[in-house]
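Residue numbers (our numbering), protein chains in the order written: chain A, 1 to 387; chain B, 388 to 593.
The hints are simulated quantities; they were obtained by calculation from the structure and are not laboratory data. Cβ coordinates follow ideal geometry from the N, Cα and C atoms, glycine included. Check before you lean on any hint, since a few could be wrong.
Computed spacing ranges between beta-carbons, pair by pair [what the hints assert, rightly or not]: (1) Leu280/A x Cys497/B: 42 to 48 Å; (2) Gln374/A x Gly577/B: 30 to 36 Å; (3) Ala151/A x Arg584/B: 26 to 32 Å; (4) Trp554/B x Ala254/A: 46 to 52 Å; (5) Trp554/B x Gln374/A: 55 to 61 Å; (6) Asp481/B x Ala254/A: 39 to 45 Å; (7) Tyr350/A x Ile413/B: 57 to 63 Å; (8) Leu573/B x Leu147/A: 48 to 54 Å; (9) Pro319/A x Arg456/B: 53 to 59 Å; (10) Leu431/B x Ala155/A: 32 to 38 Å.
Subject to a maximum C-alpha distance of 20 Å in a straight line, what follows is the list of computed EDC-like cross-link-like pairs (lysine to aspartate or glutamate) [stated by the list, open to error]: (11) Lys4/A x Glu28/A; (12) Lys11/A x Glu31/A; (13) Lys122/A x Asp589/B; (14) Lys122/A x Glu592/B.
Looking from chain A toward chain B, a few residues come up when the C-beta cut is under 8 Å (computed) [claimed, not checked]: (15) Tyr6; (16) Ala82; (17) Pro146; (18) Phe182; (19) Phe185; (20) Ala186; (21) Ser189; (22) Phe275.
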Amino acid sequence: MSLKNYIDRIKPNFEEGGKLQAFRSVFEGFETFLFVPNATSKNGVNIHDAIDSKRIMIMVVIALCPALLFGMYNVGYQHFLAAGLEMNFWPMFFYGFLAVLPRLIVSYVVGLTIEFVVAQWKHEEIQEGFLVSGFIIPLIVPATCPLWILAIAVAFAVIFAKEIFGGTGMNFLNVALIARAFIFFAYPSVISGDAVWVVDHAICGLGANLPDGFTAATALGQAATATTTVGFDWNMVWGFIPGSVGETSVVAIALGAALLLYTGIASWKTMLSVFVGGILTVLLFNNFGPDTAIANMPWYEHLVLGGFAFGAVFMATDPVTSARTEIGKYIYGLLIGAVAILIRVLNPGYPEGMMLAILLMNCFAPLIDYCVVQVNVNKRAKRLTNK
Amino acid sequence: MANKNKEIFGQPVWVNNPVVVQILGICSALAVTAQLKPAIVMGLSVTVIVALANVVVSLLRKTIPNRIRIIVQLVVVAALVTIVSEVLKAFAYDVSVQLSVYIGLIITNCILMGRLEAFAMQNGPKESLLDGIGNGLGYAAILIIVAFVRELLGSGTLFGFQVIPQWCYEHGYLNNGMMLMSPMALILVGCIIWVHRAQFKDLQEK
Numbered sequence: 001m002s003l004k005n006y007i008d009r010i011k012p013n014f015e016e017g018g019k020l021q022a023f024r025s026v027f028e029g030f031e032t033f034l035f036v037p038n039a040t041s042k043n044g045v046n047i048h049d050a051i052d053s054k055r056i057m058i059m060v061v062i063a064l065c066p067a068l069l070f071g072m073y074n075v076g077y078q079h080f081l082a083a084g085l086e087m088n089f090w091p092m093f094f095y096g097f098l099a100v101l102p103r104l105i106v107s108y109v110v111g112l113t114i115e116f117v118v119a120q121w122k123h124e125e126i127q128e129g130f131l132v133s134g135f136i137i138p139l140i141v142p143a144t145c146p147l148w149i150l151a152i153a154v155a156f157a158v159i160f161a162k163e164i165f166g167g168t169g170m171n172f173l174n175v176a177l178i179a180r181a182f183i184f185f186a187y188p189s190v191i192s193g194d195a196v197w198v199v200d201h202a203i204c205g206l207g208a209n210l211p212d213g214f215t216a217a218t219a220l221g222q223a224a225t226a227t228t229t230v231g232f233d234w235n236m237v238w239g240f241i242p243g244s245v246g247e248t249s250v251v252a253i254a255l256g257a258a259l260l261l262y263t264g265i266a267s268w269k270t271m272l273s274v275f276v277g278g279i280l281t282v283l284l285f286n287n288f289g290p291d292t293a294i295a296n297m298p299w300y301e302h303l304v305l306g307g308f309a310f311g312a313v314f315m316a317t318d319p320v321t322s323a324r325t326e327i328g329k330y331i332y333g334l335l336i337g338a339v340a341i342l343i344r345v346l347n348p349g350y351p352e353g354m355m356l357a358i359l360l361m362n363c364f365a366p367l368i369d370y371c372v373v374q375v376n377v378n379k380r381a382k383r384l385t386n387k
Numbered sequence: 388m389a390n391k392n393k394e395i396f397g398q399p400v401w402v403n404n405p406v407v408v409q410i411l412g413i414c415s416a417l418a419v420t421a422q423l424k425p426a427i428v429m430g431l432s433v434t435v436i437v438a439l440a441n442v443v444v445s446l447l448r449k450t451i452p453n454r455i456r457i458i459v460q461l462v463v464v465a466a467l468v469t470i471v472s473e474v475l476k477a478f479a480y481d482v483s484v485q486l487s488v489y490i491g492l493i494i495t496n497c498i499l500m501g502r503l504e505a506f507a508m509q510n511g512p513k514e515s516l517l518d519g520i521g522n523g524l525g526y527a528a529i530l531i532i533v534a535f536v537r538e539l540l541g542s543g544t545l546f547g548f549q550v551i552p553q554w555c556y557e558h559g560y561l562n563n564g565m566m567l568m569s570p571m572a573l574i575l576v577g578c579i580i581w582v583h584r585a586q587f588k589d590l591q592e593k
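Full structure from sequences and hints, please.
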């Protein structure tokens with residue numbers, strides 16, 4: 001417990017009147033990050049669970065790790081595949097690590113700086129929501145996205161999607177998705193098309209410079225414009241395909257999903273109904289839809305390609321922005337799955353519909369909750385008058 | 388009296404700005420602010436129309452029957468809008484093409500009817516003129532601020548001239564496409580309101 005002792009010793013410096021009080025919120029943030037605050041309830045018989053929101057956030061970050069680690073490996077794998085070089089595991093992983101790490105750092109530094117400044121300014125505790133958002137943002141953008149664009153997107157998302165609504169827990173839109181949506185609409189050339197999915201230059205002497213104009217489309221991008229069906233391939237499940245850093249491997253995402261479901265952090269109702277909604281909509285399009293490659297794509301392919309699985313597991317289940325009533329979670333999830341497939345199939349301009357589907361349903365989540373609660377209220381009122 | 392006139396003229400330009408305080412005229416503020424030039428022309432057109440309509444309605448205010456006053460006000464505004472529209476077509480054709488329907492739609496701009504109803508119907512022509520110019524300039528000021536940011540960051544130009552040096556683009560700088568979309572104009576207006584409320588704390592809603 002020497003770390004605990006050390007923190008307790010330096011604590012007075014950061015309190016009101018101490019010489020380092022300007023960094024009070026930073027200190028508090030780290031203290032509660034490392035140790036569960038020993039707050040006890042003041043009245044009534046209540047038990048404080050040791051799992052507070054910081055512990056939940058850390059659990060989500062752990063659940064995201066397989067996707068991140070695989071994503072790093074895949075960035076290297078795609079690069080060396082494109083360069084035509086035979087490599088074993090470690091150079092590939094290390095190359096991807098070097099490509100992804102700066103993105104992770106930029107995302108955290110920009111986001112946490114804004115959070116710390118706002119917390120200090122409003123004399124509030126540091127809010128921990130950005131621990132997860134900052135981890136997700138690098139995973140849902142291509143590994144070639146320029147760092148300054150990432151920094152602007154993170155700043156925009158944290159300020160306009162979170163802080164102006166009152167900080168963590170008050171945002172009605174998913175912060176990480178807003179960052180991606182900002183890049184998508186403001187700088188479309190860095191996040192769509194077929195030239196952005198594979199890192200095309202050497203990093204720290206590792207890898208090779210690919211010729212200018214090298215392109216590699218994502219499977220969804222191909223399907224959106226193709227006339228024949230893109231065949232199913234087990235690499236789509238393992239994740240050895242071009243795409244945003246963290247979303248390619250369904251296996252890595254499934255590992256994270258298992259942890260989230262086992263610890264009860266994510267709602268299985270939301271997760272399941274997103275997949276069900278997606279599958280039903282795909283079946284509908286397969287049977288009655290237009291005769292295009294993406295409408296004829298089988299459901300299992302739709303689920304493993306693009307950000308569908310990642311969005312269903314990590315974004316749709318975000319407890320802040322999703323519906324909170326139990327029946328509402330089913331409706332919310334079904335609609336996300338359905339809208340995502342609708343956008344994919346019917347709008348060739350947006351081959352990936354998951355981001356827009358989740359953001360759209362984020363807006364409707366409070367309405368769904370309201371309706372569910374009102375239906376229940378009416379049902380009970382009726383029961384009362386019928387007596 | 389001079390002090391009162393100063394207030395009538397000065398208040399709407401910033402303290403009681405029609406766009407950021409009364410939230411009027413938002414639609415056109417989103418539609419015409421992708422570039423500076425149309426925004427300035429739009430701001431000036433509205434200023435001229437509000438000022439003249441205010442004067443005319445103020446002169447007629449004692450003879451307008453109360454029950455049909457909205458129709459009379461509309462006729463005055465419609466006449467002025469048509470005149471401005473024709474003048475623009477004659478002397479600044481390219482801008483008037485850019486602004487397309489939005490000049491005609493000034494007739495539905497809430498700032499106009501608001502000023503006619505709230506001010507010109509109760510006050511003399513001199514005060515009404517000052518009030519009209521003040522409100523028009525307040526509207527124009529917001530349009531110009533928004534258009535400045537949108538054109539600079541969205542196209543890298545000001546008045547159509549490139550101001551962000553070419554070497555920035557060569558080193559990977561990109562224009563922000565979202566600035567050219569209307570939602571970003573709404574966010575920018577929101578930012579101006581943010582600054583404004585921070586300055587005038589009594590306007591903050593509890």
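Hinted contact phenylalanine 182/A with chain B - closest CB pair below 8 Å: This interface hint holds because 7 Å falls under the 8 Å limit.
Holds or violated: 48 to 54 Å for the Cβ distance of leucine 573/B and leucine 147/A? violated, 28 Å
Cβ-Cβ distance between leucine 431/B and alanine 155/A: within 32 to 38 Å? Holds, at about 35 Å.
Need the status of pair lysine 122/A, glutamate 592/B: alpha-carbon distance at most 20 Å? holds, 17 Å
Pairwise hint evaluation, glutamate 31/A against lysine 11/A, where the allowed Cα distance is 20 Å at most: holds, 9 Å
Honestly, do tryptophan 554/B and glutamine 374/A meet the 55 to 61 Å range at C-beta? Holds: the Cβ-Cβ distance is about 60 Å, inside 55 to 61 Å.
Does 39 to 45 Å hold as the CB distance between aspartate 481/B and alanine 254/A, or does it fail? violated, 58 Å
Closest C-beta approach of alanine 186/A to chain B relative to 8 Å, hint status: holds, 4 Å
Agreement of hint phenylalanine 275/A with chain B interface, Cβ distance less than 8 Å: violated, 31 Å
Check the hint pairing lysine 4/A with glutamate 28/A against an upper bound of 20 Å on the C-alpha distance. Holds - the C-alpha atoms of glutamate 28/A and lysine 4/A are around 13 Å apart, at most 20 Å.
Take a look at whether the Cβ-Cβ distance between proline 319/A and arginine 456/B falls inside 53 to 59 Å. holds, 55 Å
Given phenylalanine 185/A as an interface hint, is the shortest Cβ-Cβ distance to chain B below 8 Å? holds, 5 Å
In this structure, the hints that do not hold are numbers 6, 7, 8, 15, 16, 22, in rising order.
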